[in-house]
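Enquirer: Listed below are the residues making up each chain.
Number of protein chains: 2
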Amino acid sequence: MFNFTLLHNCGKARAGIINTDHGDILTPVFMPVGTLGTVKAMSPHELEEIQAQIILGNTYHLYMRPGLDIIRKAGGLHKFISWTRPMLTDSGGFQVMSLAALRKISIEGVKFRSHIDGSLHHFTPEFVMEIQQALGADIIMSFDECPPFAATKDYIAKSLNTTLHWAERGKKAFTNTEHQALFGIVQGGVYEDLREKSALALMDMDFPGYSIGGLAVGEGKEDMMRITNFLNDILPKHKPRYMMGVGTPSDLLNNIANGVDMFDCVMPTRNARKGSIFTRYGKMIIKAARYKEDFRPIDPICGCYTCTHFSRAYIRHLITMNEILGMRLTTIHSLWFYQELMQMARKAILENRFEDFLAEMLPVLDTIVE
Amino acid sequence: MFNFTLLHNCGKARAGIINTDHGDILTPVFMPVGTLGTVKAMSPHELEEIQAQIILGNTYHLYMRPGLDIIRKAGGLHKFISWTRPMLTDSGGFQVMSLAALRKISIEGVKFRSHIDGSLHHFTPEFVMEIQQALGADIIMSFDECPPFAATKDYIAKSLNTTLHWAERGKKAFTNTEHQALFGIVQGGVYEDLREKSALALMDMDFPGYSIGGLAVGEGKEDMMRITNFLNDILPKHKPRYMMGVGTPSDLLNNIANGVDMFDCVMPTRNARKGSIFTRYGKMIIKAARYKEDFRPIDPICGCYTCTHFSRAYIRHLITMNEILGMRLTTIHSLWFYQELMQMARKAILENRFEDFLAEMLPVLDTIVE
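Here the protein sequences line up with chains D and U, keeping their order. So that you can map any letter, position 7 of the first sequence is 7 in this note's numbering, and since no number is skipped, the others follow by simple counting. So that you can map any letter, position 169 of the second sequence is 169 in this note's numbering, and since no number is skipped, the others follow by simple counting.
For the record, the hints were derived by calculation from the structure and aren't laboratory data. Even for Gly, the Cβ is constructed at its ideal location relative to N, Cα and C. Please note that a few of the clues may not be correct.
[Said to hold, decoys possible] Residues of chain D clear of chain U, computed beta-carbon distances all greater than 10 Å:
1. Asn19
2. Met42
3. Gln51
4. Ala173
5. Phe174
6. Arg226
7. Met267
8. Met327
9. Ala359
[Said to hold, decoys possible] In silico DSS-like cross-links for lysine-lysine, where the CA-CA straight-line distance does not exceed 25 Å:
10. D:Lys40 <-> U:Lys40
11. U:Lys40 <-> U:Lys73
12. D:Lys221 <-> D:Lys172
13. D:Lys79 <-> U:Lys287
14. U:Lys40 <-> D:Lys73
15. U:Lys292 <-> D:Lys292
16. D:Lys73 <-> U:Lys287
17. D:Lys283 <-> D:Lys221
18. U:Lys104 <-> U:Lys158
19. D:Lys292 <-> U:Lys40
[What the hints assert, rightly or not] What the simulated footprint calls covered on chain U by chain D, stretch by stretch (three residues with Cβ under 8 Å from a Cβ of chain D suffice, anywhere in the stretch; the number is not a length):
20. 43-54
21. 154-161
Isolated chain D (complex conformation) (with noise of 0.2 Å):
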């Protein structure tokens, strides 16, 4: 089962809620990710309790670890990593391109060595749909090929066909259409009239819903944005939109003030784990030797597990120690501000004051607390 349905807009910024067989996602959503089957560091009862609503697998990183075998054989996704609510899976397509060694291209698919062990693979639209399959994510994506930000206009036209070629057969061999939604990924870079190619096409092909791909890999926020911001107009209004691999609470405004409705980013768990804090005053670098006798929970207002029990300074001394406890702790908190800004933001926008949000929030997301 997959509905979405959009419940009001606030300029372009939308509220909506999405049905799934794992249970409903308000958005506009932030998706922690999980990459090998675990969101680092945090436990499924914990991600329960900072309210994540959906979680993002890597189909790559599941595929070589622990392999299709033992996620089939455990019931799918869900049940090996005893997770209960909602999860989205990912293409591949990404990793493949950035970690994969000795890619070789074809329209037929991409033959590649694993980056760990340098064994041969072949990802074809088919095959990466018959690994969701197994995954078995209430979302999934087409295969696609998303190229650097360094490519050619040339290039990206060219990979934009195979990418486009790769859903219309992805979306052939995709029969498990009762309890997962494949979603069509829009690429052609910075360039607005590759990106409409792609868009109209993909929407010929009448997806559930929409991914925004290619963007966040070097572009800069103003190209990101122009991307996001003219794809609004092009994209059906009733179905979802996803932006990869974004980004900052800060991008994440922007971009639902550009009508985008999901996002997911390892940014604040990975930026946690090295003591970089994202709060509502801004980014906190907990190491900072001003934080050594602060006795302050991160963030006073906050009512997550950390900031109701713990100090900076102990959290400092933590992460100065490399101890767990400290990623954790620092993790949660992250996380929770993730989550709460996307409430916060959903409230905005049903209320009627986006604009006003936006413009009380974005002037302190990009600081350093000092």
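Guided by the hints, dock chain U onto chain D, whose structure is given.
Expert: Just chain U, lined up with the frame of chain D:
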């Protein structure tokens, strides 16, 4: 407040209760080790869930990092780390001997260089009391020299005199007797005459509890048990006995059989993080290929978070991938099992069937689960 009540004997094995300002402790008890102010990989909430009654902090490590100033300003170690139940700190003696560089031991104390930055420090029995009073644990230790197993009997005899002198000075310097209990540490290596001398001299000073130090340093299980058995007849019945740095599940049971009440060890936590898990069936080496597609819990009849939610195959995947959640889940189970083992031992003592319990448990505890 500190009080120990011996409730029942079954052979030499003892069941009792300790009362402290931060709550009661049922004995025999195992104390998870929180070296740097965190039981590695665990949150305080999870320590309560695995039913830890008391945890240990390391005086040497906490003195080095974050340092006394910060913990003092935080209002003590309990507040700094957000732990509300009882706590015990060691004397720092063992770490000074095993970690610090350029040690100069005299009757005054130990001058040494930090293992972290080479800075010069001087631990005297009085200063170690000052540190431990600032940390504020419910149970604290006399400063002692813990000679290496390879030391000669002559050296150990001489060292013992120093330790006794330090015990006397520490006891005199210790003033916070209303809220903390200071234990004397019995040393003397594997030599019964030295152990007897040590125990009797400390008993003359009348400590509220006695630690057995200098074992599990390489002497072998037979010597270890010979000494605890020997000390059982000497140490006063109505004071708790704490065996420092021990050990495996079978070590615990064997020494409970010799009248020991309290234990601490990094083994369950350290081994767990490497994928070696203690269970009632023996040690489970979770990386073993046999667990690749084993979808049963670590222990099907265990009630811990790990065993009620996750499979061996998933935990194997996480540990193999070096994922934090893997280390968390194995630590949770191993600590839960240690607590459960102590609860089972206590029940067996109270029900006058400790010998049968030993006979049932010991043959399997040291095996590797097949």
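Enquirer: If a hint holds in the structure, say so; if it doesn't, say that too.
Expert: Now for the hints, and whether the structure bears them out:
Residue placement check: D:Asn19 keeps its beta carbon more than 10 Å from all beta carbons of chain U (closest about 26 Å). In this structure D:Met42 is not separated from chain U by more than 10 Å, as the shortest Cβ-Cβ distance comes to only about 7 Å. Every C-beta of chain U lies more than 10 Å from that of D:Gln51, the closest at about 17 Å, which supports listing it as non-interface. No beta-carbon of chain U is positioned within 10 Å of the beta-carbon of D:Ala173; the least distance is around 27 Å.
The Cβ of D:Phe174 lies farther than 10 Å from every Cβ of chain U, with a closest approach of about 26 Å, so its non-interface assignment holds. Every C-beta of chain U lies more than 10 Å from that of D:Arg226, the closest at about 38 Å, which supports listing it as non-interface. At the 10 Å boundary, the C-beta of D:Met267 stays outside the reach of chain U, the nearest C-beta of that chain being 17 Å off. Distance check on D:Met327: its Cβ comes as close as 7 Å (rounded) to a Cβ of chain U, failing to clear the 10 Å threshold; non-interface status is violated.
For D:Ala359, the shortest C-beta to C-beta distance to chain U comes to about 37 Å, beyond the 10 Å cut-off, and the non-interface label holds. As the CA atoms of D:Lys40 and U:Lys40 are separated by approximately 16 Å, the hinted pair is consistent with the 25 Å bound. With a C-alpha separation of about 24 Å, the suggested pairing of U:Lys40 with U:Lys73 holds against the 25 Å cut-off. Pair hint D:Lys221 plus D:Lys172 does not hold up; C-alpha atoms about 35 Å apart against a cutoff of 25 Å.
This hinted pair checks out: D:Lys79 and U:Lys287 have alpha carbons roughly 20 Å apart, not beyond 25 Å. For a cut-off of 25 Å, the pair hint linking U:Lys40 to D:Lys73 is broken: about 33 Å separates their Cα positions. For a cut-off of 25 Å, the pair hint linking U:Lys292 to D:Lys292 is broken: about 44 Å separates their Cα positions. Our distance criterion of 25 Å between C-alpha atoms is met by D:Lys73 and U:Lys287, whose separation comes to about 18 Å.
Only pairs whose Cα atoms come within 25 Å are accepted, and D:Lys283 paired with D:Lys221 is accepted, the gap being roughly 18 Å. A hinted pair counts as satisfied when its Cα atoms are at most 25 Å apart, and U:Lys104 with U:Lys158 qualifies at roughly 15 Å. The straight-line distance between the Cα atoms of D:Lys292 and U:Lys40 is roughly 21 Å, inside the 25 Å bound, and the hint therefore holds. Counting residues of the stretch 43-54 of chain U whose CB lies closer than 8 Å to any CB of chain D gives 3, which reaches the minimum of 3, so the coverage claim holds.
Look at the stretch 154-161 of chain U against chain D: 0 of its residues bring a Cβ nearer than 8 Å to a Cβ of that chain, fewer than three, so the hint is violated.
Hints 2, 8, 12, 14, 15 and 21, counting from the list given before, are not met by this structure.
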